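Chains A and B supply the protein sequences, listed in that same order. Just so we're aligned: the first sequence equals residues 1 to 479 in this note's numbering. Just so we're aligned: the second sequence equals residues 480 to 574 in this note's numbering.
Everything labelled a hint here was simulated from the structure, so no lab data went into it. All figures in this text were calculated on a predicted structure; none of them were measured in a lab. Honestly, I wouldn't trust all of these hints.
Here are a few chain A residues that sit away from chain B, every Cβ distance over 10 Å (derived from the structure) [claimed, not checked]:
1) Met1
2) Ser23
3) Gly54
4) Asn217
5) Asp239
6) Pro279
7) Ala322
8) Asn434
9) Val453
10) Ala479
Cut-off 27 Å, straight-line C-alpha distance, at most; resulting in silico cross-link-like pairs (DSS-like, lysine-lysine) [what the hints assert, rightly or not]:
11) A:Lys88 - B:Lys488
12) B:Lys545 - A:Lys461
13) A:Lys357 - A:Lys170
A virtual CB, placed ideally from N, CA and C, is assigned to each residue, including glycine.
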Amino acid sequence: MQWEIVIGIETHAQLTTQSKIFSGSSIAYGAMPNTQTNAVDLALPGVLPVLNQGAVERAVKLGLAVGAKINSPSIFARKNYFYPDLPKGYQISQYELPIVEGGSIKIQIGETEKTVHLTRAHLEEDAGKSLHEDFQGMSGIDLNRAGTPLLEIVTEPDMRSSAEAVAYAKTLHSLVCWIGICDGNMQEGSFRCDANVSVRPKGSETLGTRCEIKNLNSFRFLEKAIDFEARRQIEVLEDGGSIRQETRLYDANKDETRTMRSKEDANDYRYFPDPDLLPLEIADSWIDQLKDSLPELPEARRARYITDLGLSAYDAAVLTSAREIADYFENLLELLPDQAKLCANWVMGEISGRLNKEAIEITACPITPAQLAALLSRINDGTISGKAAKTVFESMWQGELERNADAIIDAKGLKQISDDGAIEQLVDEVLAANAQQVADYRSGKEKAFNSLVGQVMKAAKGKANPAQVNAMLKKKLSA
Amino acid sequence: MTLSVNDVKRIADLAYIEINEHEAQATLGQLTDIFDLIETMQAVDTSTVEPMSHAQDVVQRLREDKVTESDQRDLYQSVAPQVEAGLYLVPKVIE
């Protein structure tokens with residue numbers, strides 16, 4: 001039987017505020033245990049939460065960026081469960097009337113575009129951290145993370161493969177970073193995904209029983225966990241079994257998922273509106289103000305690169321994968337306005353390649369767009385060949401001669417011979433010395449031509465402008 | 480709605496509260512009284528009343544996003560039963 005995989009994703013994006021969602025404690029990462037907690041975070045009796053405007057702003061920005069409805073009022077609810085790293089005995093979240101409802105994100109898989117619909121995005125607080133080792137039968141609790149603002153972003157079950165799920169997660173990741181609401185740091189847990197996976201016979205309209213895989217903190221784990229889980233479910237069903245609805249954990253070391261808790265043990269969260277928090281109203285004027293504060297979005301830039309600059313969908317998607325890359329590209333393009341493709345090739349090729357190799361971000365790129373533009377314009381005006389440009393690039397990367405392209409070209413003697421007279425002389429010498437090949441070419445052996453070009457380039461020590469050599473040779477041979 | 484003693488035990492289980500049979504029966508009686516009260520209230524016709532999410536007709540005030548708290552761990556931990564390496568120690572619970 002042919003099976004279809006159905007995937008929905010829930011993402012917890014930690015918001016880039018200074019302080020917690022309901023208290024004035026810092027959310028800076030890596031502090032000593034429990035040094036960033038106050039009476040509200042510790043749930044001491046009699047305290048009241050006060051909502052952080054910065055968290056609301058960031059949620060609204062996401063809503064605007066995905067074309068969603070901003071609910072006003074939206075309300076906060078208590079999600080009740082008992083665990084020591086949640087000292088109140090409930091998490092403040094949103095249930096009915098989340099702040100963001102609907103919206104969609106376009107994803108790119110190769111040259112194909114697909115739309116993933118969002119169900120909702122709601123504000124909530126993170127829990128603390130439990131440490132189970134080293135305390136002789138006790139658990140150690142660190143509440144620094146308790147109260148950190150999160151935006152949980154939930155999709156419809158719109159994805160059909162792990163590749164689509166990864167494309168969605170990457171696009172969302174780049175979007176939340178792009179609009180500055182999340183730092184996207186996956187190692188520190190600022191962006192983590194849960195995947196809801198089910199399978200069904202191809203062509204079926206009803207959804208199969210789903211399993212939720214929790215806390216996938218890398219794109220690679222997301223892909224592998226979904227692939228494993230889909231295979232597992234298909235095997236169970238093909239053996240005549242049935243899928244139990246449950247929460248599963250992905251074990252990266254064993255590359256498998258295993259049961260965390262089944263539906264029967266699932267918590268009954270007993271959601272109800274939190275009486276400590278009033279309905280949240282968001283004025284239209286505030287929404288307009290936040291709309292104006294948004295940068296041009298990746299989707300709009302992508303469309304502009306394709307329509308106005310004539311780049312391919314793939315190139316446009318790569319260049320807009322992060323705002324810093326797109327900004328670098330545009331700063332470069334501003335200096336070489338008619339050279340979109342050349343600029344794109346260098347940003348995606350040499351620059352990205354080198355950044356990857358050294359594992360640094362484009363914001364730390366040693367070569368500025370202006371320095372690179374100076375180099376690329378020397379390819380354009382024929383001063384150097386594309387091959388020599390790579391040598392110059394390498395020198396610039398190493399910081400030689402203050403990364404001045406012209407100075408490096410002079411110092412290394414990379415200037416092409418573009419002078420017609422000089423090239424004619426070289427061509428004449430080669431033709432005179434290779435009478436046999438000239439005869440071969442004239443008798444119809446096209447290959448002989450390439451050999452002659454090679455001889456000229458060799459005589460010029462690789463510095464002759466190839467286009468001019470070709471033209472000159474053609475002219476002489478047909479004379 | 481009627482509550483059974485098994486519902487009481489399940490709620491106690493979710494709350495990590497240990498209760499014996501006698502306590503479960505006593506709690507069932509108390510909770511049933513509360514449910515009766517709710518049922519009395521639910522008998523009121525509210526079909527023409529707009530639902531509210533809060534008893535007061537006011538909206539949420541917001542706080543400026545600023546860190547206003549300093550480290551007072553020692554003060555808070557002075558009343559904790561057991562601490563080690565800056566952590567609060569609790570009976571082991573693993574989900």
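Verification of the hints:
no., hint, in the structure
1, Met1, "holds (36 Å)"
2, Ser23, "violated (7 Å)"
3, Gly54, "violated (3 Å)"
4, Asn217, "holds (18 Å)"
5, Asp239, "holds (30 Å)"
6, Pro279, "violated (5 Å)"
7, Ala322, "holds (25 Å)"
8, Asn434, "holds (76 Å)"
9, Val453, "holds (65 Å)"
10, Ala479, "holds (78 Å)"
11, A:Lys88 - B:Lys488, "holds (21 Å)"
12, B:Lys545 - A:Lys461, "violated (65 Å)"
13, A:Lys357 - A:Lys170, "holds (21 Å)"
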